[in-house]
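> Sequence:
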Amino acid sequence: MVKNYNIFISHSWAHSDDLIALKNLLANRGYFYHDTLEVPKSQPIDSQNEAYIKKVLRVRINNSNILLALAGIYASHSDWMQWEIETAKSLGVPIVGIIPRGQERISQFVYSNSIIDVHWNTESIVNAIRTYAK
Numbered sequence: 001m002v003k004n005y006n007i008f009i010s011h012s013w014a015h016s017d018d019l020i021a022l023k024n025l026l027a028n029r030g031y032f033y034h035d036t037l038e039v040p041k042s043q044p045i046d047s048q049n050e051a052y053i054k055k056v057l058r059v060r061i062n063n064s065n066i067l068l069a070l071a072g073i074y075a076s077h078s079d080w081m082q083w084e085i086e087t088a089k090s091l092g093v094p095i096v097g098i099i100p101r102g103q104e105r106i107s108q109f110v111y112s113n114s115i116i117d118v119h120w121n122t123e124s125i126v127n128a129i130r131t132y133a134k
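In UniProt numbering, the protein residues as written are 1 to 134.
The reader is advised that the hints may include incorrect statements.
Taking lysine to any residue and the SDA-like style, the derived pairs with C-alpha atoms no more than 20 Å apart in a straight line are [unchecked claim]: (1) LYS89 <-> ILE115; (2) LYS89 <-> LEU26; (3) LYS89 <-> GLN103; (4) LYS3 <-> PRO40; (5) LYS134 <-> ASN62.
These are calculated hints, taken from the structure and not from any lab test.
Using the sequences provided together with the hints, build the complete structure.
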């Protein structure tokens, strides 16, 4: 039976290009079936109520088999990314750090909360998902 993975990608809206590139990378990988559950900048949750936004995000994270955290240094400065990672950890959702292409330094926050950090390589990312997803 083919596995379809529910993936939540923790990212910074200020670096949405990394999210788009990661989604394209996964979409172009043959024989890898998945749905992404994150909230992209192009489709924000229609609310200013932080408690409501966190509730929606918590449900999406909880429904995920794995959380991929874009591990650019900016992740250490994003309150939302840190909240998403802490939430995933508290819900028992495995966390994999994805090192964006060309990054020399990565977020210590992602590094200290992830099971593994992988470089920007399709097979490394897919293998990490298949290995660690619940």
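> Evaluate each hint against the coordinates.
Hint check results:
About 10 Å separates the Cα atoms of LYS89 and ILE115, which keeps this hinted pair within 20 Å; it holds. Proximity of LYS89 to LEU26 is assessed by CA-CA distance (about 23 Å); at most 20 Å being required, the pair is judged violated. For the hint linking LYS89 to GLN103, the alpha-carbon distance of about 24 Å lies beyond 20 Å, and the restraint is violated. Under the criterion of a C-alpha separation no larger than 20 Å, the hint pairing LYS3 with PRO40 is inconsistent with the structure, at around 24 Å.
The suggested pairing of LYS134 with ASN62 holds, with an alpha-carbon distance near 11 Å, which does not exceed 20 Å.
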